[in-house]
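Peer 1: Please build the complete structure, drawing on both the sequences and the hints.
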Amino acid sequence: MKMGKLINEEGLRVDGRRVDELRPIKIEVGILKNADGSAYIEMGKNKIVVAVYGPKEVHPKHMSLPDKCLLRCRYHMSPFSTDVRKNPAPSRREIEISKVVKEALESALILYDYPRTAIEIYMEVLQSDGGSRCAAITAASVALSDAGINMRDLVVACAVGKADGMIILDPNDIEDKEGEADMPLAIMPNLNQLTLLQIEGKFTKEEFEKAFNLALEGCRKIHHIQKKALMLKYFGKVEE
Amino acid sequence: MKMGKLINEEGLRVDGRRVDELRPIKIEVGILKNADGSAYIEMGKNKIVVAVYGPKEVHPKHMSLPDKCLLRCRYHMSPFSTDVRKNPAPSRREIEISKVVKEALESALILYDYPRTAIEIYMEVLQSDGGSRCAAITAASVALSDAGINMRDLVVACAVGKADGMIILDPNDIEDKEGEADMPLAIMPNLNQLTLLQIEGKFTKEEFEKAFNLALEGCRKIHHIQKKALMLKYFGKVEE
Amino acid sequence: MKMGKLINEEGLRVDGRRVDELRPIKIEVGILKNADGSAYIEMGKNKIVVAVYGPKEVHPKHMSLPDKCLLRCRYHMSPFSTDVRKNPAPSRREIEISKVVKEALESALILYDYPRTAIEIYMEVLQSDGGSRCAAITAASVALSDAGINMRDLVVACAVGKADGMIILDPNDIEDKEGEADMPLAIMPNLNQLTLLQIEGKFTKEEFEKAFNLALEGCRKIHHIQKKALMLKYFGKVEE
Amino acid sequence: MHSKRSFIVEDLRKAQLANLLTQGKRLDGRSLLDYRDLKIETNLISKAEGSAKVSLGNTQAIAGVKVEIDEPFPDTPDQGILIVNAEILPLASPYAEPGPPDEEAIELARVVDRGIRASDMINLKNLCLIEGKKVYTIFVDVSILNVDGNLFDATSYAVVSSLLTTKIPKYEVKDGEIKQVDEKISLSFDTIPISVTLGKIGNTLIVDPDQEEEALMDARLTLAVDSDDNIVAGQKGGAGSFSYDEVIRATEIARLKGKEIRSKIKEVLGIG
Amino acid sequence: MHSKRSFIVEDLRKAQLANLLTQGKRLDGRSLLDYRDLKIETNLISKAEGSAKVSLGNTQAIAGVKVEIDEPFPDTPDQGILIVNAEILPLASPYAEPGPPDEEAIELARVVDRGIRASDMINLKNLCLIEGKKVYTIFVDVSILNVDGNLFDATSYAVVSSLLTTKIPKYEVKDGEIKQVDEKISLSFDTIPISVTLGKIGNTLIVDPDQEEEALMDARLTLAVDSDDNIVAGQKGGAGSFSYDEVIRATEIARLKGKEIRSKIKEVLGIG
Amino acid sequence: MHSKRSFIVEDLRKAQLANLLTQGKRLDGRSLLDYRDLKIETNLISKAEGSAKVSLGNTQAIAGVKVEIDEPFPDTPDQGILIVNAEILPLASPYAEPGPPDEEAIELARVVDRGIRASDMINLKNLCLIEGKKVYTIFVDVSILNVDGNLFDATSYAVVSSLLTTKIPKYEVKDGEIKQVDEKISLSFDTIPISVTLGKIGNTLIVDPDQEEEALMDARLTLAVDSDDNIVAGQKGGAGSFSYDEVIRATEIARLKGKEIRSKIKEVLGIG
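Keeping their order, the protein sequence lines are chains R, D, A, Z, L and C.
209 is the number that our numbering gives to position 209 of the first sequence; each next residue is one higher, with no gaps.
If you want our numbering, it's the position in the second sequence, counting the first as 1, plus 240.
If you want our numbering, it's the position in the third sequence, counting the first as 1, plus 480.
If you want our numbering, it's the position in the fourth sequence, counting the first as 1, plus 720.
If you want our numbering, it's the position in the fifth sequence, counting the first as 1, plus 992.
If you want our numbering, it's the position in the sixth sequence, counting the first as 1, plus 1264.
You may find that some hints are simply not true.
[Said to hold, decoys possible] Calculated cross-link-like contacts (lysine-lysine; reagent style DSS-like; alpha-carbon spacing at most 30 Å):
id: 1; chain 1: A; residue 1: 566; chain 2: C; residue 2: 1389
id: 2; chain 1: R; residue 1: 26; chain 2: R; residue 2: 210
id: 3; chain 1: C; residue 1: 1434; chain 2: C; residue 2: 1398
id: 4; chain 1: R; residue 1: 26; chain 2: Z; residue 2: 759
id: 5; chain 1: L; residue 1: 1159; chain 2: L; residue 2: 1017
id: 6; chain 1: Z; residue 1: 887; chain 2: Z; residue 2: 759
id: 7; chain 1: R; residue 1: 86; chain 2: Z; residue 2: 734
id: 8; chain 1: A; residue 1: 566; chain 2: C; residue 2: 1397
id: 9; chain 1: Z; residue 1: 986; chain 2: D; residue 2: 445
id: 10; chain 1: A; residue 1: 566; chain 2: L; residue 2: 1126
Read the hints as simulated data drawn from the structure, not as lab findings.
These numbers come from a predicted model, not from an experiment.
Peer 2: Following this line, the structure appears as structure tokens:
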């Protein structure tokens, strides 16, 4: 992490945003024919497709759970999604993200409603940018809704970072690589519960609290976009 | 593919053959004790052993088919079979050939006669030359006969190629590598049906038809050798 | 194997031992809470932990044996156990040793007493020195006792080698690498039966017999230490 | 998406299809030699040097091109490297599973690769920077996003479209060293190979089978045709067989449909 | 070691635990913010450049440090390389299986690695010998010997303790070549990051959950704190969630317990 | 090939065999220390630098030798490299499965390799072209074509026979470069190691067990003997054990049979 000029004298970031500003976000619902639920998200340069299959039979059978649904989750990056071509085999990073994303979504799912079945969530990152795991979570919870799965709340995610000593919302790729710290988190916005938190890099006590609140604020804004996308799909229009 | 001198002024090829001539072929039946059926073929420098096991129980059980036989096929090259030592792990090329060879043979098998069982065909290329997949198919259908498996017809295979602009029958290794095109195919000679076709390299309309007919002619000649080999094994002599 | 100066003019070895002398040995019993039986051995620089689980249910079920216990054995070296860091994935050497060690111990186990179950033996080499497979066997048979598994006898192992043309007992790492020959073996000392034997390097008829007897003598000494360690664990004191 | 159906239902459906085919019709209303709707979007992955998303009916494939500078293979020191790869993503179908590619995915990738390579669409000698030392490696990775039959053609069109719109970084060679120049260049093309896949059901040949037709059909034949009407690649698939006449007829259909689809792709991509 | 228990027994145990927690007590008698006994032994693997065996209650981990000289990564030519790896040995638990690391072992290794790396405990620039050519690669491999909960903290303490006691071979650089000198040097440290893991059961936060508590708890939060009380790494785990207040409270607990454990480790290792 | 038999049949067969053994006879009529018929064909793979197909009764193995020029291992800069590999092909037995080698195949390959290597049959220093830079790598790959017991000996004879008939390309070293010469040279040999495998059934030792005997026997002992009657390698296998006297007796049998088989191989290959 080198101290580059990530924020200029006017307080603007490399892509022209203010420190507390999100990148443009676009969410589409139901874009894949075969999946039981699906969503597509663009968040900055992130372009991610999510499919949900289930509740469905469990293969192999002995992995099925007698009292609840088995949740499976795969976060995967396309070979052409990154600056340097990515080997298509899952990396350790992708395996870890698959796990934390699964746990972030599981908090919102009522898995006891679907015993002995499985729900599979597939997230394919077609193009990656900073915050791809957050965008994937945000889209996945929309895809779960689209599949008609019972949920306590949507899950929405957003990262905060630190660049040139300042707390910034929703870091992009360059800020992620050259900044000093990164903290993705996910919440259930109506229940006010945190379901994902990862931290990498130094935060003082004050910085942490500031960053945490900024991320919550970001999540609430994205939640609004999630709801609009679902309304558009199911009711054909969005009342503002 | 470079335009070498693959055919000389007298119309003869690097190994002295005419353009429509096959390499020497030798087939032996029943050469392995453990297998239910087996065959050995030499076709030019190709030396291939084929074993057939089955119909037998399916492992793992859940892969068995309720109404027909499961056909499995493995085409594999020995590490010492090639000019440069081959890694013993199956390559993508071997996996693809295993699939098309299986489908070439499956056309002739009456798999509904053996429900809930498996037939396994193992082809081991001890020494490779041009046209090894064709030689493997030719030998495998003899080994299937040797195993007493019900078949509609034998399957016999042969390749055609293009070298120095001419259509040639049964290309060898050098012609395969330095020639302009290659087309292996397999047929059921009594039923006049094509069960394998692969094409790589440019064929004009006229070239294609010429090549196709030349390959069919080659197959018919090899079919004669198949029958002789089986006669020799089962009746001890061959009536010409 | 180069002919170094492994034995000096006074007949002493690089670590000061006489040719028929063992390295210091320490065995502790029951050192892991989770395992059904466990042992720790130090033999020269070897430091090895062994855990035994079982008799327990077999996974996957279809591998269970109707009339006897399934024995599984894993010999594994920690990445930091060797001079150059070892890749944590099991090497071919570790797989072979796992097999011969399993067979060395199996001779002493009454597997027909535990049909349809499994016993698992895990040997982790924290630090390796010459003779690590022998130390592992010696510790594993103690751990099997600690787990209360029915045995005909303890199994005890020791290696002999050849250095500067002399037969030496219990070679260390340097003697193993620079010596001329190595012969690890395991016995059941009360039954006078050999359960492991591996030989690598030239032994004349006379050398072989001398080496074999020296190894048996070494095993008997180590057997005494095995018994003391078990006594200490179960009766709190050792009567000499 | 069809769930797995019983044998009886399957047989009834097959009879219905066979009946339709005698009238020259198919289950979705197409006639025998009709392709489904073909849609192509390009340049949607800005991190890739080229990209294309292709929809053939409900089959969707996305291809991305990445370029690296590597050493050439020892036996072709004066040629660049082209590697085409295909993956059927687990999100594409309820039957696709995560894991290493199975024989079906490997065949798909190899057949598409062969169709491009054997046509000499890309002159690999143009991709050599310093003989024996530095060449362009062009990776084309295709991901199947939704499976509804005829993956071969959809994948092939995605590869062709992404290559046709690729811009690679330019390098200057000076004193045996390469230096990237602030300029992007297109690849040059002599021909555009088009893959045409036929299905055989009973004794009828159809093109562009959808997933339901694939489940009912006896055999498959994929042929790639170049801009000069040459057959440049082919692959038969499936447990059934073809009569010799059917093969010849298939080559004629492939030339016909190949020309049609080539025009369509050129039109969409705005190529001469 | 607890065998797998029926749902009914599990529910009874959970009720008992919940009841205890309201009184500020835990099943093994600890209070909510008590760690189990921490024991550290160092330098027990003489073939390693550093080593430490850590017991946290019945959880046991052993870490070994190996050093190699390698080329640096192309994007960090002036930095050494630090690789932290963790494996749950099959001898550590009746539920651990031989084989490649599963997602749990991968998460463990990556979180511990992040805690060390993000704290800048080790200045990687000090590990560069010749820029772009020769750097130290420090491998820290941790093996779990016995599983009884809170592998994250036990593993992290083993890594920190082994690094703090590591002595690496010294090299001199002369005329662009490196030469090993007959001397060993310690690594230099600016800070000591301490991992603190909290469990949430109902609405109660505890630290250092043992295996039984892990089975009953709703969610996990691991935070790493440096010598200056900064949070340097974090990872939430488990299917449950935290209220925002709980997160803030967790950071306070982490600072408190981090300081305590840092003192303890420094005392055991005899560091200033 | 015997199908899997019930326990009762198995016990009856074992009793029958035990009874025969007391009379010094075996199920196939051999006496205790008789080998089955040994046949060797060489030079049947012209693409390999050496090859041999060995039949020991119905056990068949084929070995091929391939030669490459590589860098030596860093710790043996003045030595060539010899790599012996063995694979039990799935066509060799109804119980063999495709896939990576299992522990049995790995043991087979390593034991045969050890028998060759420890005998110093091939002087690896003769295979060095330029110290530290260029050496011959000799790959010997063995494929088992038909399994009928005693794979160890059949594989070993195939390796030895293929090496004895190998001709490798000759290189000249000039100005620190190597250049292939239009000449082939044989490897040079000081000794011929012979593998002798014994089985123990009850208290009887037999040599060259076939598959049925292997299924019924208690333990296996493979010993390799060089031309000077030294034991150069050994491996005990199986769940049973040997008395100390039996081990000594086994070494005597190995010397005896080793001499016999060495003569036979030399005769077939036409070696002095």
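Peer 1: Are the hints correct? Go through all of them and say.
Peer 2: Structure-based check of all given hints:
1. With a C-alpha separation of about 27 Å, the suggested pairing of residue 566 (chain A) with residue 1389 (chain C) holds against the 30 Å cut-off.
2. For the suggested pair residue 26 (chain R) and residue 210 (chain R), the alpha carbons sit about 27 Å apart, so the restraint of at most 30 Å is met.
3. At most 30 Å may separate the alpha-carbon atoms for a hinted pair to count; residue 1434 (chain C) and residue 1398 (chain C) meet this at roughly 13 Å.
4. A distance of roughly 22 Å separates the Cα atoms of residue 26 (chain R) and residue 759 (chain Z); the hinted pair therefore holds under the 30 Å criterion.
5. Taking the CA atoms of residue 1159 (chain L) and residue 1017 (chain L), the gap is about 43 Å. The hint is violated against a cut of 30 Å.
6. Of the supplied pair hints, the one linking residue 887 (chain Z) and residue 759 (chain Z) holds, its CA atoms being roughly 22 Å apart against a limit of 30 Å.
7. The straight-line distance between the Cα atoms of residue 86 (chain R) and residue 734 (chain Z) is roughly 43 Å, outside the 30 Å bound, and the hint therefore fails.
8. Our distance criterion of 30 Å between C-alpha atoms is met by residue 566 (chain A) and residue 1397 (chain C), whose separation comes to about 25 Å.
9. Pair hint residue 986 (chain Z) plus residue 445 (chain D) holds up; C-alpha atoms about 24 Å apart against a cutoff of 30 Å.
10. Pair hint residue 566 (chain A) plus residue 1126 (chain L) holds up; C-alpha atoms about 21 Å apart against a cutoff of 30 Å.
When held up to the earlier numbered hints, the structure conflicts with 5, 7 and fits the remainder.
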